[in-house]
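Chain by chain, the residues:
Number of protein chains: 2
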Amino acid sequence: MNFCSHCGESIEQLVPAGDNRLRDVCSSCGTIHYSNPNNVCGAILTWGEKILLCKRAIEPRYGLWTLPAGFMENGETIAQAAAREAMEEANAEAKQLDLFGIFNLPHISQVYLMFQGELKTDQVSPGEESLETDLFAVEDIPWQQLAFPVVKHSLELFINSGGQQKVHVTTAVKLAERKFEWLDQ
Amino acid sequence: MNFCSHCGESIEQLVPAGDNRLRDVCSSCGTIHYSNPNNVCGAILTWGEKILLCKRAIEPRYGLWTLPAGFMENGETIAQAAAREAMEEANAEAKQLDLFGIFNLPHISQVYLMFQGELKTDQVSPGEESLETDLFAVEDIPWQQLAFPVVKHSLELFINSGGQQKVHVTTAVKLAERKFEWLDQ
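Quick mapping for you: the protein sequence lines, in order, are chains A and B.
Its first residue numbered 1, the first sequence is counted upward by one per residue in the numbering used here.
Its first residue numbered 1001, the second sequence is counted upward by one per residue in the numbering used here.
It should be emphasised that the hints constitute simulated quantities derived from the structure, not laboratory data.
A hint or two may mislead.
Derived DEER-like restraints, expressed as beta-carbon distance ranges [what the hints assert, rightly or not]:
no., chain 1, residue 1, chain 2, residue 2, range
1, B, Gly1063, A, Ser27, 32 to 38 Å
2, A, His6, B, Gly1063, 25 to 31 Å
3, A, Gly63, B, Glu1059, 49 to 55 Å
4, A, Glu177, B, Asn1002, 38 to 44 Å
5, B, Gly1018, A, Glu139, 31 to 37 Å
A virtual CB, placed ideally from N, CA and C, is assigned to each residue, including glycine.
The shape of chain A in the complex, shown without the other chains:
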């Protein structure tokens, strides 16, 4: 942030009175511009024993497989955001969405909120952000072609949870590039 989005004057970094963190503060009008984590909402949608994946038509990780998921928008709930992403990326509709996992990614200030649900039909098709959509049996999941560590983690937790209705809360601890350990909470 270089300029105040309110008045257009220059920004300085300082700790405002009563605060304990550096913030972007306007040197002219005094507006404090906060930056906070974003939520990414998505879903593991099943048709019988098969799981819906989408092949990404956008960067980052173009051409790799992912679960339908994306940034939550203003004015919606976390379940609405997950349902919208499934529709936008795979023209997919779920019968019901249940919260399945919350995954902290503090190194990029994101929180993933993943739901699980059953597809209403097996008629799925790529939206604008997908090259392909497909339903994968567990043994056919393209583990080496998954777009993000959090997608792999979600799928592993889902497959190993055996249908338990528990909300998993885990945190990604970065060990190396694209290599993470997932700790409870």
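Place chain B on chain A using the hints.
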């Protein structure tokens, strides 16, 4: 948003290519400025049968009682945010925090993530944002002096849950000023 925080030029509202929502876009450098929901993390902390509440020393709702809670910061997990808020507002430390509820407030684009936990000691005291801190037996909770509907909802769910380890997911539907109905998911 009036000015681009990147280059300082003027902003126009338009739907970018490949998008389906109005965004703040810079007319000069083309930067798209997204606005997304914020997370508020907090905790219901108990000492025996008593619950910690804080009397607000800041607006909005100065002088009314609340659960320790506040905006999640970049670089932290949801549990770390809840623990930090309990420390900042009440010098309170929990033995362990377990996720208890996720409350959608789409009318103000906020998501509350509330934890439950036991206090390590009953030595709590007001931080900068609190006038008082106190431990309340359920029958002494100042229901008419609570700061926010989501605080009342959290306390009611907690008291009625009887210690079940379920994560509640509900949404505030605004019926009138300061009057909400809470729907599952």
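Do the hints match the structure? See the list:
1. B:Gly1063 to A:Ser27: 32 to 38 Å: holds (33 Å)
2. A:His6 to B:Gly1063: 25 to 31 Å: Holds, since A:His6 and B:Gly1063 (Cβ atoms, about 29 Å apart) stay within the stated range.
3. A:Gly63 to B:Glu1059: 49 to 55 Å: holds (50 Å)
4. A:Glu177 to B:Asn1002: 38 to 44 Å: holds (39 Å)
5. B:Gly1018 to A:Glu139: 31 to 37 Å: holds (34 Å)
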